[in-house]
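There are 2 protein chains.
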Amino acid sequence: MSGSRVIGDWGGTRLRLWRLEDGEVAERREGPGILTGGDPGETLAAILGDWPADRIVLCGMAGARGGLHEMPYLPCPVSADQWRAQGKAHEFAGSRLRIAAGLSCRDASGRPDVMRGEETQIIGAMALEPELATGTHLVLLPGTHSKWVRLDDGAIVGFRTCPTGELFALLGRSSLFPEGEAAGNDNEGFAAGLQRADERGLLSTLFEARAAQLVDGRSGNWAQGFLSGLLIGAEIVEMAPEGTVLVIGDAGLTARYGEALARRGVPMRAMDGEACAIAGLRLIDED
Amino acid sequence: MSGSRVIGDWGGTRLRLWRLEDGEVAERREGPGILTGGDPGETLAAILGDWPADRIVLCGMAGARGGLHEMPYLPCPVSADQWRAQGKAHEFAGSRLRIAAGLSCRDASGRPDVMRGEETQIIGAMALEPELATGTHLVLLPGTHSKWVRLDDGAIVGFRTCPTGELFALLGRSSLFPEGEAAGNDNEGFAAGLQRADERGLLSTLFEARAAQLVDGRSGNWAQGFLSGLLIGAEIVEMAPEGTVLVIGDAGLTARYGEALARRGVPMRAMDGEACAIAGLRLIDED
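Chains as they are written, first to last, in our numbering: chain A, 52 to 338; chain B, 52 to 338.
Keep in mind that a hint or two might mislead.
To spell it out: a stretch of chain B is covered by chain A in this simulated footprint if at least three of its residues, at any positions, have a beta carbon under 8 Å from a beta carbon of chain A; those stretches are [stated by the list, open to error]:
| hint | region |
| --- | --- |
| 1 | 153 to 165 |
| 2 | 201 to 215 |
| 3 | 225 to 238 |
| 4 | 255 to 263 |
| 5 | 295 to 309 |
Pulled a few chain A residues facing chain B out of the computed Cβ check, cut under 7 Å [stated by the list, open to error]:
| hint | residue |
| --- | --- |
| 6 | Glu72 |
| 7 | Thr212 |
| 8 | Ala263 |
Only part of the chain B face toward chain A is listed, based on derived beta-carbon distances under 7 Å [stated by the list, open to error]:
| hint | residue |
| --- | --- |
| 9 | Glu180 |
| 10 | Pro181 |
| 11 | Leu183 |
| 12 | Val317 |
Note that these hints are calculated values from the structure, not bench results.
Model, not experiment: these values are computed from the prediction.
Every residue, glycine too, gets a C-beta built ideally from N, C-alpha and C.
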């Protein structure tokens, strides 16, 4: 099947669209997150603009309640083929629209977790590196809601969410920074925060970011770095990864998590999050 | 020394003033927190209104930078007598104004912590129950910034802050509750959150409050209760109290912490926070 194609990852805070030509990315556009207000259909039409699009494929919050069309959460374990087969086509402004399903899982105690969008990156990573589709792999997608995902012979068998990035943003606007959020993210503070995460619990350490400004004259930037190191460190202490971690994300965040993992002697390797998202989206409704 | 007296506790979110007659509380007024905007002097004058006040004594954020007059943090250990002796008198609209000093401390690793206002309640508690002034006691003042305080033979020797209440408020406005903060605080959810805090770390459990709404049909109220139980439970797991805990606070929060402490087999007893604040404030500039 041929024709013009647009694929996109629409998260809570950002829309990224790619126009494909002969299956390859020819152009890229960005727009607002689906939770940042406005009618999703109108927003999508405006960002698509003059792009021809016989077919559109979206992942992420586009399939959430309040998104374009609500899609189910497929319960884990889920293979790439099961995931690709999900979902009927919708019509959007004359285009055929398909939206990726999300995933749900339960831990050993039966407690639930969900994801929307990260599954596309993971399945894309398996398409880019077929050796990921055999054996067991631990994948980390750091971000607003970090996902720690277990792969077993090509299936996503379970995962856990740490809302580390969201907590960092919330605390940046808290009483820890009464003069307003500092812009920087100090390396010395980051290292101090990582160290602190090894020493004691998160909740009883957060306030040190404020006390160090008041008593020791630390800057707001140092405290931001401390908070970042403390949160990322706490995430890794809690998740206690063993073996090599595959980190899928952007370069900046991957480097920060890499420093935290190295500190605990955990090997890692990295893949680019955008490349993985594109590879996953191309699997849906493909030629 | 006689004359009209007003005492008050001015925190970040609330001002409470008490007018004394012959040393006893005759009237009570409330006003906005010192961080909620407006010139502190004008706010205080407006709430004082027609009250006669030869002498005014305030504790809390009244002594913070940006408050009425910045007061130092006294480094622990600090006895009641050392604390009472601090601070020169200021003049406020014809009244003699004194503001309580805050406290600072360092843990065994030298990391700092600070308090403003809670020291007044603790020293007030020792005035109300003199047996607290001998031996070792662990005191918890739950709230926006929970304080865990160690007393040794009448001196405050150290403390640690957990910003549990602030985190609860921040997370109530997070993506865990996309439809807006739920008003209730479900008991079943609270118990589930307490249990979860015993099982695994805070950061990797928070998102369950959202997933349980999406996958298991839990209400926003249940999720609020879960979040409250998880945070209070995590605080107690991290602080790992031993021996009896003296909880100084209001009845509602004391009951919640009591349930969490009982779950871990930790005995507690309670004192009313407002009574302790009044008792502490009366020690400063007293007749």
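Here is what the structure says about each hint:
Three residues within the 8 Å Cβ limit are the bar, and the region 153 to 165 of chain B against chain A gives 6, so the coverage statement holds. Counting residues of the region 201 to 215 of chain B whose CB lies closer than 8 Å to any CB of chain A gives 5, so the stated coverage by that chain holds, three being the minimum. Closer than 8 Å: that is the beta-carbon criterion, and the region 225 to 238 of chain B has 4 residues meeting it against chain A, so the requirement of 3 holds. Here the region 255 to 263 of chain B counts 7 residues with a CB under 8 Å from a CB of chain A, which clears the bar of 3, and the coverage holds.
Note: the region 295 to 309 of chain B has 0 residues with beta-carbon separation from chain A under 8 Å; the three-residue rule is not met and the coverage is violated. Given hint, Glu72 of chain A at the interface with chain B, is violated; its Cβ is 36 Å from that chain's nearest Cβ, farther than 7 Å. Of the supplied interface hints, the one on Thr212 of chain A holds, with its beta-carbon coming within about 4 Å of a beta-carbon of chain B, less than 7 Å. Interface restraint check for Ala263 of chain A: the shortest CB-CB distance to chain B comes to about 6 Å, inside 7 Å, so the restraint holds.
A hinted interface residue such as Glu180 of chain B counts as satisfied when its beta carbon comes closer than 7 Å to some beta carbon of chain A; here the least separation is about 27 Å, so the hint is violated. The interface hint given for Pro181 of chain B is broken, as the beta carbon of that residue sits about 30 Å from the closest beta carbon of chain A, more than 7 Å. For Leu183 of chain B, the interface hint is violated, the least distance from its beta-carbon to any beta-carbon of chain A being 23 Å, above 7 Å. With 7 Å as the threshold, the beta carbon of Val317 of chain B stays out of range of chain A, its nearest partner Cβ sitting at about 16 Å, so the hint is violated.
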